[in-house]
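Enquirer: Given next are the chains, with one letter for each unit.
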Amino acid sequence: MFSRLKNKVGEVLLPGDEFCFDTDDTISLTESVKAEKVVCGPGLRRSGDRLVVCKSGVLRHKQPNVFWMDAQQKRYVPAKGETVIGIVTTKSGDVFKVDFGGSEQASLSYLAFEGATKRNRPNVQVGDLVFAQFLIANKDMEPELVCIDGSGRANGMGVFGAGGLLFMVSLGLVRRLLAPGSEIMSDLSQLFPCELVVGMNGRLWVKASSIQRTLIVSNLLQSCENMTATQRRELFKRVAQGAL
Amino acid sequence: MTSFTCDESVSLCEGNMMEVCGSTDSCLREFGCEQSLLSRPDGSASFVQGDTSVLAGVYGPAEVKVSKEIYDRATLEVLVQPKVGLPTVKERSQEQCVRETCEASLLLTLHPRSSLTLVLQVLHDDGSLLSCSLNAACMALMDAGLPMSCLFCGVTCAIDADGRIITDPTAAQEKESRALLTFAVDSTERKVLMSSTRGSFSVHELQQCIAVSQKASEKIFQFYRDSVRRRYSKTL
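Each protein sequence line maps, in turn, to chains F and L. So that you can map any letter, position 76 of the first sequence is 76 in this note's numbering, and since no number is skipped, the others follow by simple counting. So that you can map any letter, position 23 of the second sequence is 23 in this note's numbering, and since no number is skipped, the others follow by simple counting.
Nothing false has been slipped in among the hints.
Dumping the calculated DSBU-like pairs for lysine-lysine here, alpha-carbon to alpha-carbon at most 35 Å:
1) L/K234 - F/K139
2) L/K68 - F/K139
3) L/K234 - F/K80
4) L/K219 - F/K8
5) F/K91 - L/K65
6) F/K62 - L/K219
Covered, in the sense of this in silico footprint (three residues per stretch, anywhere, with C-beta under 8 Å from a C-beta of chain F), are these stretches of chain L:
7) 52-62
8) 145-159
In case anyone wonders, no lab produced these hints; they're calculated from the structure. These numbers were taken from a predicted model, which means no experiment stands behind them. We put the CB at the ideal spot given by N, CA and C, even for glycine.
Extracted from the complex, chain F is given alone in its bound form (with noise of 0.2 Å):
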C-alpha cells in the first residue's frame, strides 16, 4: 500500500478513493519484512483496513512515511497547537472570549500571557487582536487559546495590532506563506519593509510605513492566491517600480 500511494502523489484524487492493503506485497519467504507504518494526515481517513480520501485536493508526501490531501479551503477548523489571530469579542470574568473564524469561539483564559498574575492582569480590551497557539482543539470540546508556550514565555503571541490592516485569504495561500523557504514571502521582503502576521485561520495583518504602502501590500497579498510564480514575480518587479 505504501508503494500505491507513493505511486499517486501529486495526482488529484476525489473523496470516495481509497487504497487497501494488498496481502501479495506484503508476503515474502525469500527477504525480511518490515512492518511499514503510514502516517496519515487531513483529508485521509481509515477505515478497517482501508485508508480512504475525505477531501478533494492533491496528495502530497513526506520523509518518511506522511500522506496528506492538500486541498483549498477558506473556513478553518482548529487544530491543536496552530497559532492564529484572533479578535476579543467579550470579557466574561477571568476569560475572554475570542472569535477566530471558527464555528465557535474560544476562550482565552488571563493568566494565559506572559507575567500575568492575578494582582497583574494584562492589558487586554474588547475588539483587540490577539495572536494566540491553540492548546485544546478538538471537536467535543470548546476551543482553548494560550498566548504563551510551554515554558512560559510569549514567543511572538499577545496583543497587537496598533494601526495596520486585517484582511482574510484561503488556507492555501497561508501555508505556502508559512511554508520554510516561500517564495513569496522572500519577494515580499524585497519589496518595502512592513510587519507581517500570519495566522493559521486565514487572517493576516499588515504594517508598513504609509497606509498606501499597507494596502498595496494587502491587495498583492490578496491576489497572490490565484497567480503561478512567473506572473506573480512579474506584478512584485511592477510595483516596486511604480513605488519607488
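Got chain F sorted already, so can you dock chain L onto it with the hints?
Expert: Coordinates of chain L only, in the frame set by chain F:
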C-alpha cells in the same frame, strides 16, 4: 467551461456533447460546471445540464443556534430558491431530497454542534431540475472542503407513453412522460442513495431505470474528476 444549447435533431456523440436520444442508451445533455465562483460562501459551484442551470453555495462549519444544534453531528440545512417567487411546498420537498442525500455522504460526525448551510439557486429550469441541483450540491460541498465519504450525482429518467426510457429529459419531454424518476447514485458502489418518483411504472421499468442511471452516473463522476483536476492544475 461554456455550455451551449443542442438542437433537437440527432447528432453524433462526441466528448460530452451528447444529444438526448429516444433509445434506452444513457445519453445526457451537454453539461458544464464551475467551482469557486462566489467570494462570500466557503464553497460554491454552478452546474449546467443543457439549459437547466443551478448555482450552489455552502457555508460551514459555522455557529449554530442552541435550539438547532445536535450534540454529535453537524446540522445540515438546505435552502432551494426558485427562479421566480417565494419557495413553495415543491421546493421544500426538493430540499428534503437533497438534504437526505448529502447527509448520507458527508461525514457529519466530524463537526458536532456546528451548522452547514447549502443554498441552491435555480437559474433556469428546462427539465431534470432535481438531478442538476444534486450535482451542483456535490461540487459545492467538494469545493468547500467538507469531509465526505463518497461523491454523489443525480440522474433523471422519464418513461414516455411508448415505454421508452429517456435520460436527462427536457421540460417538454417531462410533460409528455407518464413517469419521471430521479435517482441519486453514490460513487463508490454505484448504489442508490435517494429516489424521487412521480407517475406510474412497473417494477421491471423501475429496475431498468436504475440500471440506466447507474450507467449514466459513471460519465458524471468522470466529469467531476476532470473538472477538479483542471482546477488544481494551476497550483500543481
